[in-house]
Amino acid sequence: MTGEELGLWGVPLAILAGAIRVSTPFLFVALGECLTERSGRINLGLEGTLIFGAMTAYAVAYETGSPWLGVGAAAFAGAGFGLVHGAICGLRGVNDIAIGIALMLLGMGLAFFFGKAYVQPVAPQLPAVPLGFWSDIPQVRAALEVNALFIVGAILAVVMAWMFRATRAGLIVRVVGDGAEPARALGVDPLRVRTLATMAGGALSGVGGAHLSLYYPGSWNEGISSGQGLMAVALVIFARWSPVNCFWAALLFGGAGALGPALQSVGVTEGRHLFGAAPYLLTLGLLIAASSPARSLAGAPAALGFNR
Amino acid sequence: MTLAAATQLGAPGLETVGLTMRFGAFTALEDVSLRVAPGTVHALLGENGAGKSTLVKCVMGVQRPSAGQIMVGGREVEIGSPRDAHALGLGMVYQHFTLVPSLNAAENLVIARADAPSVIDWGKEREALEAFMDRMPFRAPLGTPVGRLAAGERQRLEILKQLYLGRRFLILDEPTSVLTQAEADEALGYIRALAAEGRITVLMITHKFREVDAFCDEVTVLRRGRHAGGGRAGDLSHEAMAEMMIGAPPARPPARTGRTPGAAALSVEGVRARDRSGLKSIDISALEVRAGEIVGIAGISGNGQMELVEALAGQRPKEAGRVVVMGAPFGATRGEASAHGVRWLPEEPLRNACAPGMSVAENVAFRAFDEGGRFWLSPSRLRRAAEPLVKAFNVKCASIDAPISTLSGGNVQRAALARELTGDVRLLICANPCFGLDFGAAGEIRARIAAARDAGAAVLLISEDLDEILDLADRVLVMSEGRIAYEAAAAAADRAEIGRRMAGKH
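Chains C and B supply the protein sequences, listed in that same order.
In case it helps, my numbering puts the first sequence at residues 3 to 310.
In case it helps, my numbering puts the second sequence at residues 7 to 512.
Next up, chain C with everything else stripped away, as it sits in the complex:
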């Protein structure tokens, strides 16, 4: 069987390949937001962290020649944003959503300011793992060129689920997410736990940004993110705050994002912009389907106040 004979089978294959490529930033931001929200705080600033992470990763990878140093720098920068969010929200009477939006705008602004010089140069890219080696169909091989960060993210989702179940740290995050009072009764400082969880969440979002600039689309410009950081928040609700569900939900969103290009590849160009809007429509549809006026959200950390 050769490439030409693949015919319409190329569409699901292209969607799968696209889903893996597009879903990676969703996955990292969603895992980061999942961790933060499980501790009882919402960080809407992750869109800004994502973009700043993308810029930092690209700049550091270009200057040092190592994409992995870029990823590390993005994580570090993301943790910094998380620290600022966590510390400010620790003050009395501060609203985490408002601070999140402020930090989102700050992150974007700073990224555009420092990133001006890096729009032209070409930085080294992250490697991909050829998981399609067993097939001799070039399309299958191409589709299964899985980027390294996606694999890291998939493992991380499982590790995070295990952490919430079977480690002291994971249980403490869940306790804090249920409310500050139960946490204090255990002698845990909820502020510290939430700040650390927000920092870790920020670091993961930074890594998600690194994937944008160092793998796909693989360059730095001001339009690099199109709201993935914000959609990831919706995704966490849809995933019911479960890291493993976050993985599947990220794949679904990635697949929706890849729908347009996949159809284009087989020559369907009509409604291109409509397919481009698929992830946004999906976000809206899923949020409506997942909520009900008469029912509380199952699995929502009590401290978020969704079910009050």
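One thing to keep in mind: the hints can contain errors.
Claimed, not checked - Chain B is nowhere near these chain C residues, computed Cβ spacing over 10 Å in every case:
#1 E65
#2 G95
#3 A150
#4 L193
#5 L198
#6 G220
#7 S244
#8 S267
#9 L276
#10 Y282
#11 G287
#12 G307
Unchecked claim - Looking from chain C toward chain B, a few residues come up when the C-beta cut is under 10 Å (computed):
#13 T169
#14 R170
#15 G172
#16 I174
#17 R176
#18 V177
#19 G179
#20 E183
#21 P184
#22 S294
#23 A300
#24 G301
#25 A304
Since the hints were derived computationally from the structure, they do not count as laboratory data.
Positions of the beta carbon are idealized from the N, C-alpha and C atoms, including for glycine.
Model the placement of chain B on the given structure of chain C, informed by the hints.
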């Protein structure tokens, strides 16, 4: 009398000597000496603000006493923090549960341990927990999230947790306030048995004389921060204990008038609605409240009572059935409520019936401020209308312009009642109207509800306090698992049968 330091199984005794706690000019606790013998259950009685919680906080190291000593196991000790208290084997079970609702019992127990491992080997821990449960007189399910346990199971788990953590002196703060009588008797029976075996010593804060009689060895009564009396539980009559608590003979519950009720004011016909979790539903096939009667709905919290109130108030969509008020279908709009004289007193009025940041005068005016289609509001008119109401209902506030959130619970409740009971009241629906109030305030609120009934209003009273229902209601209903499980005239109501129905037994 000399006191043994501890029982053979290690349950210590506790003594306070001249314990005093001052907050600035205010003295919350003055020269209180109390002696809890090892292996006994000791009741601590007192009104709200009598100093019970201050005393307990000093013992648990939450607050530092201004003067006085604490002795545990016969030795004077310095308790600077809850950690110190725990190290001495002192543990507290709070009135509001401190278990983490989204964690299951096993997770709750393990994470509460000071030496919880950083990576938890669940196989090993489950085995150890099962072995621990086997040594206890009662068990709790380990795998269910605590939020889904019944209140009685949670209370048992709270006690198990203290024992699991090695605490041998337990302070229980109103441990049965959320339990049915049967559940309470069971839990207190276990506690008493553990104490009798010498495994624990217990200091129990309570309001219920029945529990003192049945389960306690000794009693101490506090009033206004001072030791007001005490003795062996069997030697004190209820009247004597009540008098020590409030400093005067207790008020009698309002008497029933014995009039026959009038026409139906509220009928609920086949109403079905989903509960908050969306998993369970309520199904009320028929419920009628007539003018001039109080219908009381008893039940353990979480059996659909709040969903019923919300469905009546239009806050929860109905899947089927209809609500009829004064013969007309009722959609719970503001217009219908005012046309038929329907009034509400939801539970936790500060959260559910007030705008906390707005003034007392504004909150009191919510029913009447726009009467006659008025567009411009006059603050002075609102104040003039509020002043006599605030006075008549005995609402104590610094000023009627103060935000209502600055008032105490009893005063918020009085202010809400002032609003709801003024004007043309033909149907009053109230939920847990005396929750968290002390003797005096609760008696006053109940008298006002009874007075509304005597004036001809139909009253639906939903309460978790069975005594309140038996005191006030003309007809008693029990709600269990979303359905009306029992109905009887108050005179014919059988306490034991009600308890069984509340627990879901038929």
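Taking the hints in turn, this is what the structure says about them:
| no. | hint | result |
| --- | --- | --- |
| 1 | E65 | 38 Å, holds |
| 2 | G95 | 13 Å, holds |
| 3 | A150 | 27 Å, holds |
| 4 | L193 | 17 Å, holds |
| 5 | L198 | 15 Å, holds |
| 6 | G220 | 38 Å, holds |
| 7 | S244 | 12 Å, holds |
| 8 | S267 | 42 Å, holds |
| 9 | L276 | 34 Å, holds |
| 10 | Y282 | 27 Å, holds |
| 11 | G287 | 20 Å, holds |
| 12 | G307 | 13 Å, holds |
| 13 | T169 | 5 Å, holds |
| 14 | R170 | 5 Å, holds |
| 15 | G172 | 9 Å, holds |
| 16 | I174 | 7 Å, holds |
| 17 | R176 | 6 Å, holds |
| 18 | V177 | 5 Å, holds |
| 19 | G179 | 7 Å, holds |
| 20 | E183 | 8 Å, holds |
| 21 | P184 | 5 Å, holds |
| 22 | S294 | 7 Å, holds |
| 23 | A300 | 7 Å, holds |
| 24 | G301 | 8 Å, holds |
| 25 | A304 | 7 Å, holds |
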